[in-house]
Structures are given as structure tokens and as C-alpha cells.
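Please build the complex by placing chain B on the supplied structure of chain A, with the hints as guidance.
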Amino acid sequence: MSVATTAKQKGVIRRFFAIREIGALIPLVIIVVAASFSNPAFISLANVLNMIRATSYLFIVGVGMTFVLCGRGLDLSVGSQVGLSGIMLGILMVTWQLPAWMSVIIALLVGALTGAVNGFLITNLRIPPFIATLATFYSYRGIVMGITKGVSIGPMPQAFKVLGQGTFLGIAYVIWFIIVLLLLATFVLRKTKYGRYTLAMGGNVESTRLAGVNTNRLTFSLYVVSGLLACVTSVFFSSRFSSVQPSTGNGMELQAIAACIIGGVSLFGGSGSILGTLIGCMFLTVVENGMIMAHISGYWQQAVVGLIIIIAIVIDLIRKGDLFKKE
Amino acid sequence: MHGTGRLTDARSVFEGRNHVVAETDIILEGRNITKMYGGVHALRDVTFRLPRNEVVALLGDNGAGKSTLVKILSGAISPTEGQILVEGRQVELASTRHAKELGIETVYQDLALVDCLSIEKNIYLGKEIVKRYLGLEVLQNRAMKKGALKFLSDVGITIVDPDRTVEKLSGGQRHAVAISKGAFWTEKILILDEPTAALGVKETGRILNMILELKKKGLSIIFITHNMEHAFLVADRFFVLRVGEKVGERRKEETNHEEIVKMITGAIFMENTRA
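Chains as they are written, first to last, in the working numbering: chain A, 1 to 327; chain B, 328 to 602.
Chain A on its own, in the form it takes in the complex:
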């Protein structure tokens, strides 16, 4: 084979991998195909809708995480915030008997507040994001445990459950929500100054600051958004069931980070896509669901996820041309 043709082949391979979200899409397609073969019920409409719904909750948190990561931040506390918001909703509606709509608004404000605490720790006290959100990860979950003593709160009022159990044109409300969220978040990231400055700040804080952007205010806002979206997830999730659990959201932060990485978001800031995060979330859902359908032991699930993260990163390195580069 002549040098010219191998070079051309490498060029085609490189162009194929240049599509931004390819690193996430390929493993996803592989898994979907593999799962469908081992159990045709996998791609039944009912199961697909089920999987999309399960993805939705993680995706809402994932959007917040995407923005935070793009700004070179990290929010380890989102899972705990989901749990805390859920318990808040329970207390507001069950213990204090407030109407559902009022409880949701109050809970959202609290969500913004818990996010703002992160923002304050990071921008005002200058605590590194990893440490600050690790502290709130423990604190918020601790508050949840302290208040509930491990006991769930219920029953939730019917008016509230309509949100989680209702459908529009046969599709759950939360799925409609994430379609809107996908479009909105992508627009913000690519077409607004907010998104642009977030990416710029993630790439180089000093250069962005010199260009006149208030990077402190921007960083603060990213954590408020992350907290708010965690609360939104909690609203949708809690409204599906008759009670709220103190363990809700456990581990969600790591799943969200994994979904972002699989979706191509850079852990070092400056690059990422909302669609990529969605694919990453779908991926995690498909692995869990597919393995169940294929009767593979659920114990292996985490190992599979770990393997996939590595594959996604390798594909990303190929995409950037870094893997086959000679030093």
C-alpha cells in the first residue's frame, strides 16, 4: 500500500472522528445494537420511552454540570442538592401543607440558594471548587439525614404528582422539558455572551478577565444555575412517587460527571456540548437498562461504565489527533 493512500485513509478516518459528538455516539450505538440483539424487547416503544425518561433526570443535572465544567469548575454537591430539594418539597407540602405551586417556587429559591453557597465559597472565599463542593456534598446530605433521620416523607399531594405522572400526547412532561432544555441550553452555550464567556473563562481566566468580563460574577452564577437545575430535577423526580426519600440523588454527581466526559466535555474547561452530555446520559441509562434486559448481572454495571469512559476518552484523543502523534 503506497504512502499516499494510507495518508488519505487516515484523513478520512480523521474527518469522520471530527464530528464533535462522535466519541459518545459510537459506544452508544454499539451498546444499543448489542442490547437489541440479546433482547428484542429492548427497542420496544415502551422500553425506549422508559429509558428516555430515566435519562431525563440525569440530563437536567448534566446540563448544569456541563456549564460548570466548561467554566473550569466542578460541582460535586449536585446529588446532595437533589436530595435536599426533595426533602424540602416533602416538608413544604406534607408537613406544612402548603399548596404544590408555592412549594415548588420556594424549593427552587432554596435550590438557587444552595447553589449560591457554592458560588460564595468558590468566588468570595476562593476555595478551590473540588474542596468547596465536596464540603457542601457532605453538608447538604448531612442536613437531609439530620432532618429526616433516614425516614421518607409522604404522602405527596395529588396536585403535585400530576407533574411527574402526567403525559402530553402520550409522552411524560419531563421528556418535553428536556427537549426544550436541550434546545435552550445549546443556544445559550453557542449563541449568547453568557455561554461564550463561560467557555472563554474555562480556557483562560486571565485573558477573559482582561477582555473586560466579570469572571467572578460569571463563576458564581454557574453554581447557582447548577443548584437550580438540581432542584428542577428533584421536582420532576419527586413528583413521580408518593414519598420523597432522603437517599435521592445519591451518586448523581459522579454519574453527571461521567455523562459529561463521555459526551466530550473537557474536565479542564473551555469545550463541551449539551448534545454530547445528552448522549452521555443516554449512554449510562442504556448500559443499565440493556444489561438488565440481557440478563447480565447488574454487579458488572459499574465496570462497564468505567470501560466506556476510557473508550470515550480514547476516541476523543483520536479526534484531536493526539493519540497517534509522535512526540
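Any given hint could be a false lead.
As the list claims (entries may be wrong) - Ranges between beta-carbon positions, derived for each pair:
| hint | chain 1 | residue 1 | chain 2 | residue 2 | range |
| --- | --- | --- | --- | --- | --- |
| 1 | A | 311 | B | 497 | 31 to 37 Å |
| 2 | A | 314 | B | 365 | 53 to 59 Å |
| 3 | B | 424 | A | 134 | 35 to 41 Å |
| 4 | A | 247 | B | 524 | 56 to 62 Å |
| 5 | A | 105 | B | 481 | 53 to 59 Å |
| 6 | A | 48 | B | 490 | 34 to 40 Å |
| 7 | B | 543 | A | 314 | 57 to 63 Å |
| 8 | B | 512 | A | 250 | 47 to 53 Å |
| 9 | B | 490 | A | 26 | 19 to 25 Å |
| 10 | B | 495 | A | 306 | 27 to 33 Å |
| 11 | A | 250 | B | 529 | 31 to 37 Å |
| 12 | B | 437 | A | 29 | 39 to 45 Å |
| 13 | B | 540 | A | 109 | 55 to 61 Å |
| 14 | A | 99 | B | 437 | 55 to 61 Å |
What the hints assert, rightly or not - Far from chain A, some chain B residues (derived; all Cβ distances over 12 Å):
| hint | residue |
| --- | --- |
| 15 | 374 |
| 16 | 408 |
| 17 | 413 |
| 18 | 414 |
| 19 | 439 |
| 20 | 449 |
| 21 | 454 |
| 22 | 467 |
| 23 | 508 |
| 24 | 521 |
| 25 | 536 |
| 26 | 578 |
Just so you know, the hints here were simulated from the structure itself, not pulled from any lab data. Cβ atoms here follow ideal geometry from the backbone N, Cα and C, with glycine treated the same way.
For chain B alone, kept in the frame of chain A given last:
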């Protein structure tokens, strides 16, 4: 009085002796600038003039005070004593933002680029083109890309792949983008801090060419350099500092390499130049 750099304005001779035609039009001036840090003089009574549409090379050894002078002229720090005049009017530069509003753009050695963003995103950072739809500002990415690439090609820089992020560009192209970040936004004054530092021969040539093209566009340019060759290739004037004081100023036609080196190293002592 006949100016040596310009033909005498015939009309002025007619209209009266009070109309003195300046030898050249000074667009930026730092007059009697002194900067002290504690008891140490970083600059002592330095008067620097940038004539309109000229390229002035600011030369001097390490510690001569070049960076300090540039920081003062760009609004980053204020002088202990002295005035700054822009187009003949005295101004108080409160900040770099204020300086930019007056048309003074500065490009520092670290380039201030965001590596993971593309060229036009870097050039327009902080000053994006937007369209308002019902109060919402939407970025006009295509217009920005077009504007940025047109500017670069106007000054002689070709970019093969405009979608590439800045980190993937060659050293010379990165410098070109960094210089564009400043030059794009002013029609008046551009200050460059070591624009050819660490560049290879070919890339240096492109940057020097870019500086000449920017001069053709009407900009007045100050550039700090250590490299005599580069200075002689593009500058109209040389301004030499030594340990915080002005050694002297020469027009290119009236001097040579040797004299400038002697001024930098101190072999030629401070001249008694009048401010």
C-alpha cells in the same frame, strides 16, 4: 520654520506667523514622565513622543524602563509625575479600559489569548457582534468569522484553516492573532511588547510585514524590542532608554546599528535632549 519631515504648508506661511506647522503631528506623548517605586526611579523625567502614522522602536537593555513606560502609556499604571497627551490634549489614563476608549491598544508578550477558542472568538472576545431579538443578544458568529479573517488577510496573514482553535496555530500565527486583537479595535495607537519574541525567521518576517501593513492602514505604532535587526526593518524612529532615563532619539535615516547599540549599552552617554 521648515519642518524636516514634511513640506511646509504654503497656506500657513501666508496666513500668519502664529500658525506654526508642527514638524510632525504627535499622536501620543508622555511628557516628563517619572515613576518611582519606593525610593527607586524606574523612570526619570522621560519625554516620549509618538508621531502620527509612524513606527517607533522603544529600545533599551533589561531594566531600562521600557515595560514601565509602556504600562504608563497604556493606562495600566499611573506615573508619579508627568503628563500624558493624546492628540495634543492632556489626559488622565484611569485604566487600560480608559486608554482603549481613547484609541490606545496594547498587546503584551503573553499574548492574552484563549487557547481553546478559535481565531474570531479571540479577536472579538468582550466585543462580540450581536443582534438583538426582543431584548436578547444573539452572537453573530458568521459575521465575526468573516470580519476577523478579512482583517488578517488585509494585513498579509493567511490562515489555512479558520476553524482551528488558536492553540493549533503556529507561533507566528498566534502572534498575528494576538496583535490583531489589539489592532482590530483602534485606528489610532497600537503598542506592541516584543511582538517577535521567540519566533523563527520566516514567522518574524510575517509579523514585521504585518506591522508595516498596519502602518499603511494608518496606525501609529510603538514597539518594544531587543532585536536591532527587526527594529531597523520596520521602525521610522528609535527611542533609547537606559536605567530609567532617555538616552536619545533618532530617525532611521540619521543613524545606524552601531550608534543605537552604543546608546543602549551606555557607550554614548545621556544626551541633553530638551523635552
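Beta-carbon spacing of residue 105 of chain A to residue 481 of chain B - inside the hinted bounds 53 to 59 Å or not:
54 Å, holds
_Tell me if the beta carbons of residue 512 of chain B and residue 250 of chain A are separated by a distance inside 47 to 53 Å._
51 Å, holds
Would you check whether the claim that residue 449 of chain B is not at the interface survives, using Cβ distances to chain A and the 12 Å cut-off? 8 Å, violated
Open item on the list: Using Cβ atoms and 12 Å as the threshold, tell me whether residue 508 of chain B really stays out of contact range of chain A.
Closed with: The assertion about residue 508 of chain B is violated, with a minimum of 9 Å to chain A.
Inset, instruction - May I ask you to check that residue 578 of chain B keeps its beta-carbon over 12 Å from the closest beta-carbon of chain A? - result: 34 Å, holds
Distance restraint hint 35 to 41 Å, applied to the beta-carbon atoms of residue 424 of chain B and residue 134 of chain A
Distance hint for residue 424 of chain B, residue 134 of chain A holds at roughly 37 Å.
Would you say residue 467 of chain B is clear of chain A, with no C-beta pair closer than or equal to 12 Å?
9 Å, violated
Exercise. For the pair residue 540 of chain B and residue 109 of chain A, does the Cβ-Cβ distance stay inside 55 to 61 Å?
Worked result: Given range 55 to 61 Å: holds, Cβ gap about 56 Å.
**Request:** Please confirm whether residue 408 of chain B is truly not at the interface, meaning its C-beta sits more than 12 Å away from all C-beta atoms of chain A.
**Result:** 28 Å, holds
For this session: Kindly confirm whether 57 to 63 Å is satisfied by the beta carbon distance between residue 543 of chain B and residue 314 of chain A.
Result: 49 Å, violated
**Q.** Status of residue 439 of chain B, Cβ more than 12 Å from any chain A Cβ
**A.** Violated, because the least Cβ-Cβ distance between residue 439 of chain B and chain A comes to about 5 Å, which does not exceed 12 Å.
Outside-interface status for residue 413 of chain B - nearest CB in chain A farther than 12 Å
20 Å, holds
Hint check: violations occur at hints 7, 11, 19, 20, 21, 22, 23; the rest are consistent with the structure.
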